[in-house]
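One-letter residues, chain by chain:
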Amino acid sequence: MEHSALRAEFVAAIGADAVLDDPVSLRSYECDGLTGFRVVPEFVLLPTDTAQVAAAVAICARHTVPFVARGAGTCLSGGSLPVAEGVVISLQKLRSVLEIDVENRRAVVQPGVTNLDVSKAVAEYGLYFAPDPSSQQVCTIGGNVAENSGGAHCLKYGFTVHHIHEVQVVLPDGAVTTLGAPSPHQPGYDLLGAFVGSEGTLGIVTRITVKLLATPTAVRTLVADFPSVEQAGDTVTGMIASGIVPAAVEMMDALALEAVEASVQAGYSLDTAAALLVELDGPPAEVATQFAEIEQLCKDNGTTKLVIAPTPEARAAMWKGRKAAFAAVGRISPNYFVQDGVVPRTRLAEALVRISEMADEAGLRVANVFHAGDGNLHPLVLYSEQAGEHDRAEHLSTAIAELCVDLGGSLSGEHGIGTDKACSMPRQYSDVDLATMTLLRKAFDPDEICNPGKLLPTPRLCGDRPGPHRAHPLEAAGIIERI
Amino acid sequence: MSTSYDAHHPPRRDVLDECVHCGFCLPTCPTYAVTGLETESPRGRIYMMDLAARGEIGVDEAFGEHIDSCLGCLACVTACPSGVQYDKLIESVRPQVERNVPRTRADTLFRGLVFALFPHPGRLRVAALGGIVYQRTGLRALVHRLGLIDRLPARLRALESLLPPVTVRALFTRTPERTRPSGPVRLRVGLLAGCAQRVFFGDVNAATVRVLAAEGCDVLVPRDRQCCGALSVHAGREEEGLARARATIEMFERYRLDVVVANVAGCGSTLKEYADLLADDPAWAERAKAFSAKVRDISELLAELTPRAPRHPISTRVAYHDACHLSNAQKIRSQPRAVLRSIPDLQLHDIAEAELCCGSAGIYNLVEPETAEELGRRKAKHLEAVTPDVVVTANAGCLLQIRRFLDTGIPLLHPVQLVDASIRGVDPL
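Protein chains in written order, with the numbering used here: chain Y, 1 to 483; chain D, 1 to 429.
So that you can see chain Y by itself, here it is in the shape it has in the complex:
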């Protein structure tokens, strides 16, 4: 379809101010949190309500124009990477908390509200929204729904899917529907369950009813240093075995600690092989008893230093460090890849030893920061683009993700498959598994216009290799061209 004709339709539907197609604006949307992949869209749209989102999507559907929804653009797997000759639909004009129902512990929010702002909006009622991805100060609820985001506290509280009652969705044909209901246990297919975590491939969420929890009465947090990652890993295994479900158990290795401390000065040790950040929350008596058990466990496993956060401010500083860890790595390395694999908790130590060996073989450094409680690793492969280490780093990064699958785990814990890991999906799933997923996707989006190329492998994309932008082999051969 002719650019100007399409433009006129968008302008008529959502207004001229909400339609961007100048080159500078378009380029600023060409990537999300994973900058290795870049595609310039043809339009960026900024609708202001559900009706406008539906109108924009309907136009796309009518002309079979691919579209990609975008929240804050923080996805680490390229989930909101634009499609060439496609449309980016930004939800950044839908940023209101619409309703707070204190009695029923629910809030209705628009998709562009940040995760943290939901908790801030209800804090005065002693409530909060439990999922807490580390980017919670910036990532949006819409993105959390798309990615089924987790976070440090999902060990005890579960993922986004466990905290959503209902979503209003614009389907890929422009129809508006509601999935789920204000109360749990609805008959029929669990389409809400299918939608949450679909990485933007089944439609665009425009209104979300979230479940709120009461702020725990007691919270206690400690940081324990260990002379080896194995000892830290054994401590985690010991905790889980004893029946304690901590609110969070995070592990950082020496390199990650170095970066974090440079960024926030939270008092993390710089001379230790690994540190555990453990948090318990709940009724004061229960927390006190279990906290003592955990302290003992740390000592039994040879902790060299154990610091208990003395004040809420100290606790906040510990968390600020942990949550800023990825970006903080920018301070110790010019470039890095983040992986997101999951391994069974019992194989944590084994995975870490293997990763360290693989890093040595590749002659690269890997910093580890992860949700130890549920085995969700975040190895950060450090490299220098300038020093020509990119390809080696990329291979190592992919090898680590696939190692996780081989150890009986998963490619991704919470960052999503997106563009980044779509081609590795056959490593984890059989053809029949993938075909079943494709059936679901096609039922929602028969024309494949809704975030195409993400999540499931496609022959076209998987001819590409992940990493910083480079020409497709066919492009390089002059057979196709990118517009």
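Just so you know, the hints here were simulated from the structure itself, not pulled from any lab data.
Just so we're clear, the structure is a prediction, and the values are computed from it rather than from any experiment.
Hints should not be assumed to be uniformly reliable.
To be verified - List time: in silico DSSO-like cross-link candidates among lysine-lysine, alpha-carbon distance up to 30 Å:
id	chain 1	residue 1	chain 2	residue 2
1	Y	K320	D	K289
2	D	K331	Y	K120
3	Y	K320	D	K381
4	Y	K120	D	K381
Given chain Y, put chain D in place with the hints provided.
Positioned in the frame of chain Y, the structure of chain D alone reads:
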């Protein structure tokens, strides 16, 4: 690699490379909060600066628009986990835009007017006198009643409404050049009288001098009508800014001071930056470094000095607004709060979205009035939400901007005015 910048101080490649595109800066950026546009965010601006450095986009109007719209509040620097020095980036890109992107005639004229007026206390005083006549004679009421005000361009409307209610006497009150403490001298302190500051906030300067003297400082206030260059530096008028920096250093060097105090956050942050600004000027680098090392904000200095003068109680609810050039540029957050808490009975309250700029930002509320208005309203709403008896902030620009939008029943003060009232045992209002 061809670049779109000219050769004079383009943004540094190593600083651009620090950004990992994580987006942690987005929620604290005022223009992003208002527009939701990637191009109006720090991440987007750095991305565009990078594209221009690679020659993939031009340093043109489309680019300059998004650089002009940045308030320079530096909340992104505070928020950034990777330690990106956005302050360095924007300060090298603004002059690039200023030099290489032609402005419209109206824009050039208006900016010319602003810079011919604000950094010149003499002229500003005359203009303010005109303003008093305008306000008192009923002319203002008439202009508003006839709806003429709505026909003015937004920039002139902003200029009109920023004019604070000031008396003729206050306008011509001058701060004495030297004030000696009653007891032994702890420090020899120079105070920057400022431009708009000395015209509109002579009372803040007077309070600063009294507090410093009560705390044992020998206070010297140069009478020169010397602008520190902050407005020029923040607007990318590099040569003008540097000339003012040199003249300001020279002015204070006359006095052999231990400390140079600023009570305007925007000026103070620039005084501290002189060392960087003049680093590659061999004749001035050392002098600038020595000068910047002596600069303190008034709250910073008061927090360092063990109080000597007793404080009398002031029972009042205070809403504190962090001026960006204090909290982000100078990283001074705890000191003004500590200084205010040293006043018995005073209840200090922080506000929601404290990190978000009020929209003042140097000359921003004059040249980008729409965004500034929206930010001003938003800030006033959060300030009013804590039902304060008084709103306190440490920057002339913020005081003027917030006054425009705040419930008229709530007075605005500089923190040092509360300290002054507490030391003297008088009602601050």
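Tested hints:
A threshold of 30 Å between alpha carbons decides the hint, and for K320/Y with K289/D the separation of about 34 Å lies outside it, so the pair is violated. Between K331/D and K120/Y the CA atoms are separated by roughly 24 Å; this keeps the pair inside 30 Å, and the hint holds. Note on K320/Y and K381/D: the hinted pairing holds, with a Cα-Cα distance of about 28 Å set against a maximum of 30 Å. Note on K120/Y and K381/D: the hinted pairing holds, with a Cα-Cα distance of about 17 Å set against a maximum of 30 Å.
Violated hint for the displayed structure: number 1, the only one.
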